[in-house]
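K.L.:
Starting from the given sequences, assemble the full structure and let the hints guide the process.
In my numbering, the protein residues as written are 5 to 104.
It should be emphasised that the hints constitute simulated quantities derived from the structure, not laboratory data. If you're wondering where the values come from, they're calculated on a predicted model, not measured in any experiment. C-beta: ideal position from N, C-alpha, C; glycine also. Possibly wrong hints are sitting among the right ones.
Said to hold, decoys possible - Below, in silico cross-link-like pairs of lysine to aspartate or glutamate (DMTMM-like), each with a Cα-Cα straight-line distance of 25 Å or less:
#1 K32 x D74
#2 K99 x D35
#3 K73 x E95
#4 K32 x E100
#5 K32 x D60
#6 K36 x D74
#7 K78 x E8
#8 K78 x E95
#9 K73 x E93
#10 K77 x D35
#11 K77 x E95
Claimed, not checked - DEER-style ranges, computed between Cβ atoms:
#12 M25 x S50: 27 to 35 Å
#13 G21 x R86: 16 to 24 Å
#14 R43 x E76: 28 to 36 Å
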Amino acid sequence: MAKENMSFLVCCANGAGSSLMMKMTMQKVLDKLGIKPGRVHHCALSEGKSAASQFDVVFCAQNFTNMFKDAEKKGTVVIGLRNIMSMQEMEEKMKEHGIA
Numbered sequence: 005m006a007k008e009n010m011s012f013l014v015c016c017a018n019g020a021g022s023s024l025m026m027k028m029t030m031q032k033v034l035d036k037l038g039i040k041p042g043r044v045h046h047c048a049l050s051e052g053k054s055a056a057s058q059f060d061v062v063f064c065a066q067n068f069t070n071m072f073k074d075a076e077k078k079g080t081v082v083i084g085l086r087n088i089m090s091m092q093e094m095e096e097k098m099k100e101h102g103i104a
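P.N.:
Written out as structure tokens, the structure is:
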């Protein structure tokens, strides 16, 4: 998977607080790993479900990953997190999925 110019989508239930904080955490992880994203967007699950296939990677809480099955079928990597604010978990999951 190409590491540069990847597009990332971060989703939470309402698209306000937690997705913005998750996006900030993700940006720190990307910086640490030396990955320069092409696009990073955060939104509510309702928007994310319809837009997910336009992104390379989707991050969400672990219990929401089943909402993105259609995007996965089209090649989007969907990563569920137990702790959406954990830099360590996010970095580990990126490495597991070949993003880092």
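K.L.:
Determine for every hint whether it applies to the structure shown.
P.N.:
Structure-based check of all given hints:
1. K32 x D74: violated (29 Å)
2. K99 x D35: holds (14 Å)
3. K73 x E95: holds (22 Å)
4. K32 x E100: holds (18 Å)
5. K32 x D60: Distance ~18 Å between K32 and D60 Cα, so the pair holds.
6. K36 x D74: Roughly 31 Å separates the two Cα atoms, so the pair is violated.
7. K78 x E8: holds (20 Å)
8. K78 x E95: Holds. K78 to E95 sits at ~24 Å (cutoff 25 Å).
9. K73 x E93: holds (22 Å)
10. K77 x D35: violated (29 Å)
11. K77 x E95: holds (24 Å)
12. M25 x S50: 27 to 35 Å: Cβ of M25 to Cβ of S50: about 19 Å, so the range 27 to 35 Å is violated.
13. G21 x R86: 16 to 24 Å: Given a distance of about 18 Å, which is inside 16 to 24 Å, the answer is holds.
14. R43 x E76: 28 to 36 Å: violated (19 Å)
Hints 1, 6, 10, 12 and 14, counting from the list given before, are not met by this structure.
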